[in-house]
Amino acid sequence: MPDGATKPFVRIEGLKRYFDVSAPWLVRKLEGRPRQVVQAVDGIDIEIAQGETFSLVGESGCGKSTVARLVVGLYPPTAGRIEFDGQDMGARRVQSESMALRRRLQMIFQDPYASLNPRWRVFDIIAEPIRAFGLSTDKADLEKQVADLLRQVRLTPADGRKYPHEFSGGQRQRISIARALASRPEFLVCDEPTSALDVSVQAQILNLMMDLQRRFRLTYLFISHNLAVVYHISTRVGVMYLGRLVEQAPTDTLFKRPKHPYTRMLLDTIPDLEMTGRQRTPVGGEVPSPIDPPSGCSFHPRCPFANERCKAERPQALPIEGGTVACHAIEEARLPIEERSYAGAP
Amino acid sequence: MAARSSNAPLLEVRNLRVEFPTRRGTLLAVDDVSFDIAPGEVLGVVGESGAGKSLTGNAIIGLLEPPGRIASGEIRLEGRRIDNLPYEEMRKIRGARIGAIFQDPLTSLNPLYSVGRQLVETIQTHRPMSAAEAGKRAIDLLKEVGIPGAEQRIDHYPHQFSGGMRQRVVIALALCAGPRLIVADEPTTALDVSIQAQIISLLKRLCRDHGTAVMLVTHDMGVIAETADRVAVMYAGRVAEIGPVHNVIKHANHPYTRGLMGSIPSLGHRAERLTQIDGSMPRLTEIPKGCAFNPRCTERGQRCMVERPDLIPAGLGWAACWLHDAKGVGAAVPKELADA
Chain G
1 MPDGATKPFV RIEGLKRYFD VSAPWLVRKL EGRPRQVVQA VDGIDIEIAQ GETFSLVGES
61 GCGKSTVARL VVGLYPPTAG RIEFDGQDMG ARRVQSESMA LRRRLQMIFQ DPYASLNPRW
121 RVFDIIAEPI RAFGLSTDKA DLEKQVADLL RQVRLTPADG RKYPHEFSGG QRQRISIARA
181 LASRPEFLVC DEPTSALDVS VQAQILNLMM DLQRRFRLTY LFISHNLAVV YHISTRVGVM
241 YLGRLVEQAP TDTLFKRPKH PYTRMLLDTI PDLEMTGRQR TPVGGEVPSP IDPPSGCSFH
301 PRCPFANERC KAERPQALPI EGGTVACHAI EEARLPIEER SYAGAP
Chain S
347 MAARSSNAPL LEVRNLRVEF PTRRGTLLAV DDVSFDIAPG EVLGVVGESG AGKSLTGNAI
407 IGLLEPPGRI ASGEIRLEGR RIDNLPYEEM RKIRGARIGA IFQDPLTSLN PLYSVGRQLV
467 ETIQTHRPMS AAEAGKRAID LLKEVGIPGA EQRIDHYPHQ FSGGMRQRVV IALALCAGPR
527 LIVADEPTTA LDVSIQAQII SLLKRLCRDH GTAVMLVTHD MGVIAETADR VAVMYAGRVA
587 EIGPVHNVIK HANHPYTRGL MGSIPSLGHR AERLTQIDGS MPRLTEIPKG CAFNPRCTER
647 GQRCMVERPD LIPAGLGWAA CWLHDAKGVG AAVPKELADA
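Going down the list, the sequences are from chains G and S. So the first sequence is residues 1 to 346, counted in the numbering used here. So the second sequence is residues 347 to 686, counted in the numbering used here.
The hints are simulated quantities; they were obtained by calculation from the structure and are not laboratory data. All figures in this text were calculated on a predicted structure; none of them were measured in a lab. Fair warning: there could be bad hints in the mix.
On the chain S side, residues computed to face chain G include the following (Cβ under 8 Å) [unchecked claim]:
#1 S395
#2 D538
#3 S540
#4 G568
#5 S612
#6 I658
#7 L662
#8 L669
#9 A672
#10 K673
Calculated from the model, a selection of chain G residues having no Cβ within reach of chain S, i.e. all distances over 10 Å [stated by the list, open to error]:
#11 E59
#12 V72
#13 Q87
#14 S168
#15 S200
#16 R217
#17 H225
#18 V229
#19 P336
Quick reminder that beta carbons are idealized off the backbone N, C-alpha and C, glycines included.
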């Protein structure tokens, strides 16, 4: 947690986003069906300090990508506020001011095949943010900026003349990163940037992202389902389950002393190279539908430690060891916190 | 030149080549691949996208998409050659002797038929059974793959199942006729980690109970590590290394395998940077001369750039790398190769 003196760079408070997935009005009236609402993000609080990497992990459908899209403003939130460098993102402001604010945050998407316009040359793809925010003085300056960006992501300026289809997945993701860096942002939201890539290419991209972070003092919100990747690059980690943040903590604390039963379950199920021939502990059950989430703690149907209180009362985030955890069993000290060791740890 | 396992093999693949004729010439997507699978053994096949691992699997089950075709080589199942069988003959073997599990459980099931009907149809195709008997076996199969309330679920349609449950149904379908070999192509890639663990332990249990051999094609080294007995690492259409899983992971003999293992982020130790292999796998049109990995290899010698290594015994397995040849990577290059 950022210490009290420094203000968090990004602060998310009580963020909610509901999606209406009801049948059309006439069908509802004729068949007497109720409205249906997906609670994709249901009250999330996060603080991110400048220069750190905050990762959100969770299984598909837990709402982590929705958080990413809310933060960059691709969806308006149903409730709650997002503050960026002390400014409320949802506040009304004149266009020049909101442009200036938006320049400072950019997004990298998961699928490098879908996120680049196939009809544009790479030069134009990367130049677009520079043009849109009016960051270049003339053509020569624009060309120099794009060439610099291409070099920063380990491509060559000559690649600017090509089209996206001429590149491999890893190279396309480099182009996405160059485009995101073009407006000289301070905060990057990365939605599963490596999950469409092969492992050797994933390592290249993660190394590149960490280099760029050090060089430009970038702040990352990193969304991933891969715990090993998250362990590697994050300062802090938040674990999401059914639209709620069940636990957040500094990376080492989360992996060494996981508290929430769901975090423990996730850690148990990671396949590890050290596990040759050994059995992973399979966990029963699946993620329930966010249309009709379980009452109380939404993890209680799969949780081996659930009791009556867990079924009835929604747990609140409880500060613990530099993070928070939302779990009655931890609060009541019914569930001891165990130290975990990993093969290969020093 | 084969990495033989001790027992009489269930599946023998010898010098398999799969090619794609294109306007710009014929592309060799699988180049001279040989391996065996023993009865009851789990062979993992790993590699990055485009390494030819899925094509090898598809060639074995006889489902290469045209214009892809087997150019040469032999595939034998229980001693019988199956790569040159007519379509109808192969259809009888597929399902009965070889089961298949694919990556996406939604596209491997017909959305218009209930899962029960699909199971019964498959059972009756391969076994002489009455509809009632087949229905009973279908329920037993669903129970065996761990679907709760199998009696009711059997009349449900694929869209009523979750991803993990669908993959269980696909596994039940593959098991219908009690095959000797299952070719599982990325069976857990579309699933979340917690569901992945369930499916992997199910697959392991079923294979142990039935003595079924599995060819597990995946890019996920973690899944291989906990499932496979032996592993073949593929690169640019060839087997780079094959050997017992523990040895390949811990003491890899091929520089590519070492790089691949190093680039997997692992829990427990956090390095400043991940090991990375620079560059990317060559396209099929641009496979370099000599060892296909040589432009990315940190240990290459002059020999690697001109002469292509076959599998050479290395440690407990085999590796296609001149480092394991008596003459090493720097050996003088035969004149006819150097001139070519």
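Verification of the hints:
With a least beta-carbon distance of about 6 Å to chain G, the hint placing S395 (chain S) at the interface is held under the 8 Å criterion. About 4 Å separates the beta-carbon of D538 (chain S) from the nearest beta-carbon of chain G, less than 8 Å, and the hint is met. The interface hint given for S540 (chain S) is met, as the beta carbon of that residue sits about 5 Å from the closest beta carbon of chain G, less than 8 Å. Using the Cβ-Cβ criterion of 8 Å, the hint placing G568 (chain S) at the interface with chain G is satisfied: the shortest such distance is roughly 3 Å.
With a cut of 8 Å, the hint placing S612 (chain S) at the interface with chain G holds, because the nearest CB-to-CB distance is about 6 Å. Because the closest C-beta pair between I658 (chain S) and chain G is about 23 Å apart, greater than 8 Å, the hint is violated. Because the smallest distance between the Cβ of L662 (chain S) and any Cβ of chain G comes to about 13 Å, over 8 Å, the interface hint for this residue is violated. The beta carbon of L669 (chain S) comes no nearer than 19 Å to any beta carbon in chain G, farther than 8 Å, and the hint placing it at the interface is violated.
With 8 Å as the threshold, the beta carbon of A672 (chain S) stays out of range of chain G, its nearest partner Cβ sitting at about 30 Å, so the hint is violated. Because the beta carbon of K673 (chain S) sits about 29 Å from the nearest beta carbon in chain G, more than 8 Å, this interface hint is broken. Separation of E59 (chain G) from chain S is inadequate, the least Cβ-Cβ distance of about 4 Å not exceeding the 10 Å criterion. Look at V72 (chain G): its CB is around 25 Å from the nearest CB on chain S, clear of 10 Å, so calling it non-interface holds up.
Annotated as non-interface, Q87 (chain G) keeps its C-beta farther than 10 Å from every C-beta of chain S; the closest such distance is 34 Å. Non-interface status of S168 (chain G) relative to chain S is broken: a Cβ of that chain comes within 10 Å, the nearest being about 5 Å off. Once the 10 Å rule is applied to beta carbons, S200 (chain G) is inconsistent with being away from chain S; the minimum gap is 4 Å. No Cβ of chain S approaches the Cβ of R217 (chain G) within 10 Å, the least distance being about 17 Å, so the stated non-interface status holds.
Listed as a non-interface residue, H225 (chain G) fails to keep its Cβ farther than 10 Å from every Cβ of chain S; the least gap is roughly 7 Å. The claim that V229 (chain G) is not at the interface with chain S is violated, since a C-beta of that chain comes within 10 Å of its own (minimum 5 Å). Distance check for P336 (chain G) against chain S: the nearest CB is about 21 Å away, which clears 10 Å, and the non-interface claim stands.
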